[in-house]
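Enquirer: Line by line, the protein sequences give chains A and B.
Each position in the first sequence, counted from 1, maps to that position plus 488 in this note's numbering.
Each position in the second sequence, counted from 1, maps to that position plus 52 in this note's numbering.
If you are wondering where the hints come from, they were derived from the structure by calculation, not from laboratory data.
Given the structure is predicted, the values throughout are model-derived calculations rather than measurements.
Even for Gly, the Cβ is constructed at its ideal location relative to N, Cα and C.
Be careful, since some hints might not be right.
Claimed, not checked - Per label pair, the in silico range of CB-to-CB distance:
| no. | chain 1 | residue 1 | chain 2 | residue 2 | range |
| --- | --- | --- | --- | --- | --- |
| 1 | B | Gly324 | A | Ala563 | 49 to 59 Å |
| 2 | B | Ala110 | A | Met546 | 35 to 45 Å |
| 3 | B | Asp496 | A | Gln528 | 23 to 33 Å |
| 4 | B | Ala384 | A | Ala497 | 21 to 31 Å |
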Amino acid sequence: MALDRTDVAKIAHLARLEVAEADLDHYAAELSNILTLVEQMNAVDTGGVEPMAHPLHMAQRLRPDAVTEADRREAFQAIAPATQDGLYLVPKVIE
Amino acid sequence: MHEQSITELAAGLREKGFSSRELTEHYLARIERLDPALNSYITVSADTALAAADAADARIAAGDAGPLTGIPIAHKDIFLTEGLKTTCGSRMLDNFVAPFDATVVERLAAAGVVVLGKLNMDEFAMGSSNETSYYGPVRNPWDTTRVPGGSSGGSAAAVAAGLCAAASGTDTGGSIRQPAAFCGITGIKPTYGRCSRWGMIAFASSLDQAGVLTRSAADAALLLGAMAGFDERDSTSASEPVPDYGATLTDDIAGLRIGLPKEYFGEGLDAGVEASVRAGLAELEKLGASITDISLPNAPLSVPAYYVVAPAECSSNLARFDGVRYGHRCEAPQDLEDLYKRSRAEGFGAEVKRRIMIGTYALSAGYFDAYYLKAQQLRHLIADDFRRAFEQVDLIMGPTTPTTAFPLGAKTDDPVAMYLNDIYTIATNLAGLPGLSVPVAPVDGLPVGLQMIGNYFAEGRLLNVAHRLQQATDWHRAVPPGFA
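Input sequences plus hints: build the corresponding full structure.
Expert: This is the structure in structure tokens:
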């Protein structure tokens, strides 16, 4: 499937990536080439084949709903771009 | 000292031929002198390395040393190291000092290793040449105009050049085996779930697996034994007990049944690489192994399936980089959407953006069945091919890569050509199987890797067969000129 610049702009928005107008055609060509590679999958009929979710077919392990980790809020917030009073700061969302 | 095996180095430390401090200083001096030509390290942690070396020397003096105590290694910069910058090769994490250690880092530290620093890699482990790193490409010590492979390119180059005794790595589609092959060293990707993924920055969670790059299979057995095992903090960690890999290293391999998939010896395989791989196989026959032709009919579709599964999981995993909690944030964001979009656009390089977009597209409404579901079905067929093959043979072998290391820049303008470099390694990740690459005879002065694939949790058998090959041959002892 060939993608055009409108498709790329839409995908970039969904992925929250800013892509300059000037780069849209370039990405469209590159992504289309990758999809051409990917579509070789269609050579095989996979009707009725179970999709493989885990290489070892392991079921997800469960653990008791109990606190096991120490509170390390200060260490984790020390590496944040902007915090105040233990909260992460972002541009104003609600007027 | 740097040309010795870990076992030899450990004996030197124990018998007081030299101290861990002297050994660590030796590697630090080599890094300072030789790494400018390679760019294999992103961060060198001299101070903490020397402190760890002193602690190791104290343990050795107290008679409390294990086989890895005081051995200088380095970690791929994808593993979180508390208090030490962890970049994952990305501008996004250029300012990121990890607040905790990865399980793999923690376990090796408990075994007493000295960490010399953090090794260069393709950005977020996405690449096959180490050219997507924000910190610049790594060069191959055998020919510095060529790539070392990727994504664990820094790990492979540093081990081959004697800039650390061994290195950790990760392998999502060949990222340990392919650079090990290009740099002439030994690399093992264990079974999915064998080593904990806790604190290993996620790329494609159903494929990612930690492993090691070393000078020999015996060294790999020592390190893997210390790293592997169940970890409560990784929900996909395998509970299978870890055997003593050292205990089976020298087992006889007479009667070993080796399968050669015809799909790994077809069009696209360089004739010199094929001859070298067949010469390696002939050595195994001399040791009593028998060789059978087999087929993995769906293996050729592993690259297309991988370029759906890996980007889909990458787009989901990398959504966490939002410019809010850690990592790069753009200047003066207008609003929250602008903050997300510009922080991500500035923080990620071109290959990471391509994969995020392919993954976002494959998972978007209306396309899920055609791409992701189809790829997961193919994955099942590929795993079934291996299952049937392992009813006939003990190990599957072939080339690790179709060619030797290519020149820097040769494939950077053509993502699809770059992807096809992993044509022989990807199927193993899709099936979750362990794989190992060992050096065989070089072609035109460039290393060649022989790949061995085992059944689930057959790491011990892979290391055993690789070790027997290395006892009978000396290809793994070759040192790149200029790095002796």
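Enquirer: Taking the hints in turn, state whether each one holds.
Expert: Verification of the hints:
Against the hinted window of 49 to 59 Å, the Cβ-Cβ separation of B:Gly324 and A:Ala563 comes to about 52 Å, which satisfies the hint. Evaluation of the 35 to 45 Å hint for B:Ala110 and A:Met546 yields a pass: the beta carbon distance comes to about 42 Å. About 32 Å separates the C-beta atoms of B:Asp496 and A:Gln528, a value consistent with the hinted range of 23 to 33 Å. At about 23 Å, the CB distance of B:Ala384 to A:Ala497 agrees with the hint of 21 to 31 Å.
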